[in-house]
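K.L.:
Each chain, written out:
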Amino acid sequence: MNNQQRRERSITNILEGALQELQAGGYHQLRTALVAKRAGVSEGTLFRYFPTKTDLIIASLDLALKRHLNRFEKAHENLEQPVSRAAMLSSLWSIISHEEMLWTHELISAVSTDADLRDAIAPVLLAHDERIERGLPSLMELCGIPPQHGEYVANITRWAIGSYVVRDIAVGFTGGHQRLLNYLELIADRIFGPLPAVAQEVAE
Amino acid sequence: MNGAQNPSTRELVLQAAVEVLQEVGFNRLRTTDVARQSGLSEGSLFHYFPTRNLLVAAAVDRSLNTALETATATYSALEPPFERRAMMQTLWQLLASPQLTWLNEVYAAIKTDPELRALVGPAIDASAASIEKFASSVLLRVSNVDPNDATPLAEFLILTIEGLVASNLARGKTGGETELIEHLLFFVNTMYPQVAAA
Numbered sequence: 371m372n373n374q375q376r377r378e379r380s381i382t383n384i385l386e387g388a389l390q391e392l393q394a395g396g397y398h399q400l401r402t403a404l405v406a407k408r409a410g411v412s413e414g415t416l417f418r419y420f421p422t423k424t425d426l427i428i429a430s431l432d433l434a435l436k437r438h439l440n441r442f443e444k445a446h447e448n449l450e451q452p453v454s455r456a457a458m459l460s461s462l463w464s465i466i467s468h469e470e471m472l473w474t475h476e477l478i479s480a481v482s483t484d485a486d487l488r489d490a491i492a493p494v495l496l497a498h499d500e501r502i503e504r505g506l507p508s509l510m511e512l513c514g515i516p517p518q519h520g521e522y523v524a525n526i527t528r529w530a531i532g533s534y535v536v537r538d539i540a541v542g543f544t545g546g547h548q549r550l551l552n553y554l555e556l557i558a559d560r561i562f563g564p565l566p567a568v569a570q571e572v573a574e
Numbered sequence: 086m087n088g089a090q091n092p093s094t095r096e097l098v099l100q101a102a103v104e105v106l107q108e109v110g111f112n113r114l115r116t117t118d119v120a121r122q123s124g125l126s127e128g129s130l131f132h133y134f135p136t137r138n139l140l141v142a143a144a145v146d147r148s149l150n151t152a153l154e155t156a157t158a159t160y161s162a163l164e165p166p167f168e169r170r171a172m173m174q175t176l177w178q179l180l181a182s183p184q185l186t187w188l189n190e191v192y193a194a195i196k197t198d199p200e201l202r203a204l205v206g207p208a209i210d211a212s213a214a215s216i217e218k219f220a221s222s223v224l225l226r227v228s229n230v231d232p233n234d235a236t237p238l239a240e241f242l243i244l245t246i247e248g249l250v251a252s253n254l255a256r257g258k259t260g261g262e263t264e265l266i267e268h269l270l271f272f273v274n275t276m277y278p279q280v281a282a283a
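Sequence lines, in order, name chains A and B. Each number in my numbering corresponds to the 1-based position in the first sequence with 370 added. Each number in my numbering corresponds to the 1-based position in the second sequence with 85 added.
Honestly, the hints are just simulated from the structure, not real lab data. Please note that the accuracy of each hint is not assured.
If you want a taste of the chain A side facing chain B, the calculated C-beta under 8 Å gives, among others [what the hints assert, rightly or not]: (1) 442; (2) 483; (3) 489; (4) 530; (5) 534; (6) 553; (7) 557.
Far from chain B by the CB rule (all over 10 Å, computed), these chain A residues [claimed, not checked]: (8) 379; (9) 407; (10) 421; (11) 439; (12) 444; (13) 459; (14) 507; (15) 511.
Simulated restraints on C-beta separations [unchecked claim]: (16) 129(B) x 500(A): 48 to 54 Å; (17) 505(A) x 109(B): 34 to 40 Å; (18) 390(A) x 274(B): 43 to 49 Å; (19) 218(B) x 423(A): 38 to 44 Å; (20) 200(B) x 517(A): 49 to 55 Å; (21) 390(A) x 129(B): 41 to 47 Å.
Glycine included, C-beta positions come from ideal geometry on N, C-alpha and C.
Next comes chain A alone, as it looks inside the complex:
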């Protein structure tokens, strides 16, 4: 194994270790010593690649969002045709509330008063927004939500689920997510009417 490969393997191990730590305790209590231990490297090695804790958080966020996007862009494949609105919403729910994403919601909602961290993570978030915003409306169109509203229904769904997940973590609410999903489905049904003809025929 040459130096380049060794370097890449260390970075991969460190980021995997960081994601595990972040999932377990959130960004708030991230300890580099524990990350280094999980990665099987020294703390010195960790600091060589990620000089500050913020650098490590940013790289972890980037990796978590990339995986999130992959899950999201594969969502179409896993939905059974015809796609019901309930199935589309449940699928979005499970992608957004995936265990690897929980700490990122927490981070995003908590950085509002942490200016340094906020400035550091904003570019990472913005870099991923475009792919999400491109993908969401087509998911909506699959179940009869017209393109002119697709983006908004999509964003509203994303925001509502995201903040629900944060609240769920903080206050320990459980089980409310079905109520939220039912309501989102109710809104879509009342506003956009029945599902497209294809879906109807098969349902009958």
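With the hints as your guide, set chain B onto chain A.
P.N.:
Structure of chain B alone, referenced to chain A:
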């Protein structure tokens, strides 16, 4: 509070804590800064709030109550006919107010700080319920919303607005609320056509 008297020392400390928390956030809150802001010694601060967590818990309680009182007052001051747009704006102002946004950091912290969680949990639970109650009573007032839908609709509006607020703050963006409010209005008006004013 007894308005005829000067604010008590405890009150001064609490006000200073809320100001510092809104400014620098929970993680970077230092009791020395709160003491300086209130013009008191750190010793007097600890007399009223023996630990940092106790100070934060009191500040959480205070911020939630103040924000809700302000929103209620704003809404009560509106003249009939009550408009859905004004109602949405009131909700936006409540949820985007600096009085509440710093709390997100506390929500993140209590996950790994059971002591803080025990101190602030009841206040957060109670206020989440009050905000939802406020929103659903406002919704019922703007006419023709099915009473059975008022609670889920309120919850949905609150979560959506909170989501955009957090999403904007994290990206260093501002605005977007006009568009959001128009779109939410479109949804609400389509679901529950407004009754013409009598």
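K.L.:
State for each hint whether it applies.
P.N.:
So, going through the hints one by one against the coordinates:
{"no.": "1", "hint": "442", "in the structure": "violated (16 Å)"}
{"no.": "2", "hint": "483", "in the structure": "holds (3 Å)"}
{"no.": "3", "hint": "489", "in the structure": "holds (7 Å)"}
{"no.": "4", "hint": "530", "in the structure": "holds (4 Å)"}
{"no.": "5", "hint": "534", "in the structure": "holds (5 Å)"}
{"no.": "6", "hint": "553", "in the structure": "holds (4 Å)"}
{"no.": "7", "hint": "557", "in the structure": "holds (6 Å)"}
{"no.": "8", "hint": "379", "in the structure": "holds (30 Å)"}
{"no.": "9", "hint": "407", "in the structure": "holds (18 Å)"}
{"no.": "10", "hint": "421", "in the structure": "holds (20 Å)"}
{"no.": "11", "hint": "439", "in the structure": "holds (16 Å)"}
{"no.": "12", "hint": "444", "in the structure": "holds (23 Å)"}
{"no.": "13", "hint": "459", "in the structure": "holds (12 Å)"}
{"no.": "14", "hint": "507", "in the structure": "holds (14 Å)"}
{"no.": "15", "hint": "511", "in the structure": "holds (17 Å)"}
{"no.": "16", "hint": "129(B) x 500(A): 48 to 54 Å", "in the structure": "holds (52 Å)"}
{"no.": "17", "hint": "505(A) x 109(B): 34 to 40 Å", "in the structure": "holds (37 Å)"}
{"no.": "18", "hint": "390(A) x 274(B): 43 to 49 Å", "in the structure": "holds (47 Å)"}
{"no.": "19", "hint": "218(B) x 423(A): 38 to 44 Å", "in the structure": "holds (40 Å)"}
{"no.": "20", "hint": "200(B) x 517(A): 49 to 55 Å", "in the structure": "holds (50 Å)"}
{"no.": "21", "hint": "390(A) x 129(B): 41 to 47 Å", "in the structure": "holds (44 Å)"}
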